[in-house]
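Got chain A sorted already, so can you dock chain B onto it with the hints?
Protein sequences appear in the order of chains A and B. Counting along the first sequence from 1, when you hit position 65 you're at 81 in our numbering, and nothing is skipped either side. Counting along the second sequence from 1, when you hit position 129 you're at 580 in our numbering, and nothing is skipped either side.
Since the hints were derived computationally from the structure, they do not count as laboratory data. Keep in mind the model is a prediction, meaning the values are calculated, not measured. Ideal Cβ positions, reconstructed from N, Cα and C, are used throughout, including at glycine. Nothing false has been slipped in among the hints.
Some chain A residues judged to face chain B by a derived CB distance under 7 Å, without partners named:
{"#": "1", "residue": "Ser-60"}
{"#": "2", "residue": "Ser-62"}
{"#": "3", "residue": "Pro-68"}
{"#": "4", "residue": "Thr-91"}
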Amino acid sequence: MQVAKHWRMKAQRYYMGQDGVAPATTTQQNAEDFQFNGRGEIYSYSTVYDAPAGYEGQAPYTVALVKLQEGPLVTAQLTDIDEDELRIGLPVEMTTRKLLTEGEEGMIVYGYKFRPSF
Amino acid sequence: MTVAIVGLGQTSVGEHWDVSLRHLAWQAIERALDDAATTDIDALYVGNMLASKSSHQDHLGALIADYSGLRGVEAVAVDAGEASGAVAMRQAVLAVMSGQIRTALVVGVEKATDQTGSESLSSQSTGLDADYETVHGLTPAAMAGLMMRRYMHENEVGVAEFANFSVNAHANGGKNPLAMFRNRFRAEKFTKAPLVADPVSLFDASPVGDGAAAVVITSQERAMDMVPQPVRVSGSAVATDAFALADRQNPLWLKAVELSSERALRQAGLAIEDVNLFELHDSYTIMSTLALEAMGLADPGRGWKLAAEENILDGRLPMSTFGGLKARGNPLGATGIYQIVEVAHQLRGSAGANQVADVKVGLAQNIGGTGGTAVTHVLQID
Numbered sequence: 017m018q019v020a021k022h023w024r025m026k027a028q029r030y031y032m033g034q035d036g037v038a039p040a041t042t043t044q045q046n047a048e049d050f051q052f053n054g055r056g057e058i059y060s061y062s063t064v065y066d067a068p069a070g071y072e073g074q075a076p077y078t079v080a081l082v083k084l085q086e087g088p089l090v091t092a093q094l095t096d097i098d099e100d101e102l103r104i105g106l107p108v109e110m111t112t113r114k115l116l117t118e119g120e121e122g123m124i125v126y127g128y129k130f131r132p133s134f
Numbered sequence: 452m453t454v455a456i457v458g459l460g461q462t463s464v465g466e467h468w469d470v471s472l473r474h475l476a477w478q479a480i481e482r483a484l485d486d487a488a489t490t491d492i493d494a495l496y497v498g499n500m501l502a503s504k505s506s507h508q509d510h511l512g513a514l515i516a517d518y519s520g521l522r523g524v525e526a527v528a529v530d531a532g533e534a535s536g537a538v539a540m541r542q543a544v545l546a547v548m549s550g551q552i553r554t555a556l557v558v559g560v561e562k563a564t565d566q567t568g569s570e571s572l573s574s575q576s577t578g579l580d581a582d583y584e585t586v587h588g589l590t591p592a593a594m595a596g597l598m599m600r601r602y603m604h605e606n607e608v609g610v611a612e613f614a615n616f617s618v619n620a621h622a623n624g625g626k627n628p629l630a631m632f633r634n635r636f637r638a639e640k641f642t643k644a645p646l647v648a649d650p651v652s653l654f655d656a657s658p659v660g661d662g663a664a665a666v667v668i669t670s671q672e673r674a675m676d677m678v679p680q681p682v683r684v685s686g687s688a689v690a691t692d693a694f695a696l697a698d699r700q701n702p703l704w705l706k707a708v709e710l711s712s713e714r715a716l717r718q719a720g721l722a723i724e725d726v727n728l729f730e731l732h733d734s735y736t737i738m739s740t741l742a743l744e745a746m747g748l749a750d751p752g753r754g755w756k757l758a759a760e761e762n763i764l765d766g767r768l769p770m771s772t773f774g775g776l777k778a779r780g781n782p783l784g785a786t787g788i789y790q791i792v793e794v795a796h797q798l799r800g801s802a803g804a805n806q807v808a809d810v811k812v813g814l815a816q817n818i819g820g821t822g823g824t825a826v827t828h829v830l831q832i833d
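Next comes chain A alone, as it looks inside the complex:
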């Protein structure tokens, strides 16, 4: 991921696929800015033992589908969580974390992860 790509995603059209509008009917004009509150619960999770390039140092790590309070599902890693805490339905909240480092001289890519909320 390059710097430009990271910033592009902020403007990239995102539709609330679960219960949202059909994307074909969304235009630049009728799209709205929408801010999620960042809270939800674990819908499913998986602990990854065989990691792809750039993520080897993090393995094993746990990824999840998080069901946001507003309805949509989001795919992200879980962080600050113990293995025995993992369960479907656990309340979680979004937090900003480093996703990966692209080598010694590469980009450090930040993004969202989810952690248990209390």
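For chain B alone, coordinates are given in the frame of chain A:
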């Protein structure tokens, strides 16, 4: 116009360190052309997923046409992730049906093992959503893990319930001389297998390997003059779904599988009950489970029962009859053509030790990503 298969060719699946991408493709092509007893080809369709990563090679249409002695023909490569092979087949079927192309050659080829470990896993993950899935460290196995965990939660089943998909695949793969894994599996070992992406273990996941498979197709009318047993392509359909798993209305429902099998069966004028044999996309046991449900072969939440409680080795609907992706091996962009070659062999009665009795209608189904693309072909013999 009806389209028929007149030539079949395939290599073994495994680590072909001794041959290059183009040479591997040619090995399957040579066998298919020999089988059809023709070199009169008008167009070449290539299915491939990894070449741009693992072989630093694109532009496969012209490359493979040239190397296979077919300079001059129309040629193109097709990408639909792991469904590239079957989508290439669909393009060839459309071309022949249009009347513009008389005889088409389709080859699925994958040279996956030139990369290993984490580099290989990165390449294999490019069929997922780069912005919303792979950037978070997800792999195909991790996606399968998310689906399997949710499925187990909603339906109160354990990992052991999925074991018979793999037991069946390996029992059949053991009889296939071209299979990547020919060892038998015992269900008892299933729950102790090393985890790839919890709860997905090595015994749920298909092994990725190198391989090439090819078919020659032409009009049914011409096929009758070419070979004694043309295999009719009576249904051919591609469908798509929300690309990212998180964007699906129900992440446990493979809508593209439902749509493509409906469309293909409708073209053939058949119902799912008419099908005698099913080569399904058993990349992971959960994918087999969900495909059976989306096609109406099992009720939602009950797909696993077909493996766990019915005898799928020699039951009502034989599956993975040459070992499936699990034991024959999963050569990614070539997989869809292997499935078609295998169903065609079953219909012709040339399946050797893997022959299933009385097969008149066979289904081949290839899935890309987590179900963003699904392709179903209905093959028949008269």
